[in-house]
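Colleague: Sequence:
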Amino acid sequence: MSQGQRLHSLDNLRAIMMWLGIVLHVSVNYTAGPRILPWHDNQSTLLADLLVVVIHVFRMPVFFILAGFFVTLQIHQRGVEGMLHNRMRRLALPFMLFWPVLFLASGLLVSLYAHLNLYGTVGLDASIVPKIPDKPLVNTAHLWFIYYLILFCLTTAVTHHLSKYLTEAHKTRIASIWKTLSEKWWGFTVLALPLALTGFLYRGGVVMPGGSFIPNPAEFIHNGMFFLFGCYLYRHQSDLLALYVRYRWRYMLAGFLVLFVYLALFKRLESLQDTLLPLKAGMALLYNCVSWLWCFGLIGLFLHYLPKQNRGLAYIADSSYWVYLVHLLATIGFGALLYDSPLNAIGRMGCNIVLTTATCLLSYQLLVRHTWLGRFLNGQIGLKKLNPVTNPS
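Under this note's numbering, the final residue of the sequence shown carries the number 395; numbering is consecutive throughout.
With a Cα cut of at most 27 Å, we get these calculated DSSO-like pairs of lysine-lysine:
id	residue 1	residue 2
1	269	137
2	173	186
3	166	181
4	133	269
Honestly, the hints are just simulated from the structure, not real lab data.
What you are looking at is a predicted structure, and each value in this text was computed from that prediction instead of being measured.
Based on the sequences and whatever the hints tell you, model everything.
Modeller: Written out as structure tokens, the structure is:
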């Protein structure tokens with residue numbers, strides 16, 4: 003398996019993960035369980051709850067693994083300073099440019115949706131928008147992913163500077179520990195332990211982004227573990243990627259079985275989790291075991307079944323930065339438009355997914371792809387592209 007094939011495989015994986023973000027954020031509108039966000043359709047379906055749980059367990063971990071992988075690739079090819087220069091232009095500048103616009107626009111749409119929820123009519127009244135517990139009024143919104151990537155890139159640069167004070171023997175020993183945990187059949191449980199310890203205070207052990215500009219320790223550790231894993235995956239890719247291809251279906255099946263146990267226990271034990279901390283930690287451990295198993299399995303599946311560049315997926319990958327930025331606005335907006343439609347919850351979900359996907363891709367084609375904005379987002383203004391698969395990570 004050539005290096006080029008591996009990179010195309012990971013590019014295809016990132017494209018699918020991006021599209022699943024649309025499915026996830028549409029599904030949140032129609033969940034039957036407790037509301038996650040301050041807007042919701044007047045119809046619901048358990049299918050939406052299942053989609054949210056299943057997609058959330060692996061999607062962002064995969065993204066952070068890919069981000070760590072390609073940051074290490076950039077350090078290898080450009081050096082630490084070159085990586086920082088590239089990442090700040092690819093992450094920090096777009097964040098500063100788009101965050102104010104997206105924050106205000108999403109607030110406007112959420113206010114409109116909340117008015118529909120409360121009065122059944124279209125209107126704007128920010129005072130009626132339900133407040134999310136522990137979420138600051140001014141927050142990173144869905145750009146929290148970019149915000150943490152910026153922090154991780156800065157942390158990586160500092161770590162590389164401090165690593166100069168370690169001997170090569172120490173560096174090799176640390177790398178070998180990560181390699182062992184990444185290739186042994188029991189390694190995923192050890193990798194899940196720190197995630198369980200930092201996430202057991204969350205409902206079901208699922209660490210949810212709070213959106214604060216002050217880094218949350220649990221979020222930093224949780225997402226940072228996957229990012230760090232991606233860094234070491236790059237170092238040991240010749241051994242680990244082949245291993246994940248060989249055992250791809252075993253990882254996926256094992257993850258499915260653990261998730262089945264997790265879901266079966268969740269409702270039955272939820273009332274007890276509030277008082278029994280060991281039980282909360284156990285649920286968090288199960289959930290994060292699924293995350294690691296499916297990350298390994300998905301990497302193996304894409305390396306095996308999609309090793310070459312696919313034109314459709316390449317287009318989605320190229321548009322992913324733009325789609326990531328604007329898709330949440332579309333899911334909220336179309337959710338509001340479908341609020342009084344005669345369709346049931348599943349029908350509305352399907353329409354919203356199709357309309358959001360089409361709108362995001364059409365706007366990318368007409369407004370972004372061949373413009374300065376496309377060059378800016380894809381790192382082509384003042385920079386040479388490192389590799390097609392690094393856009394964006």
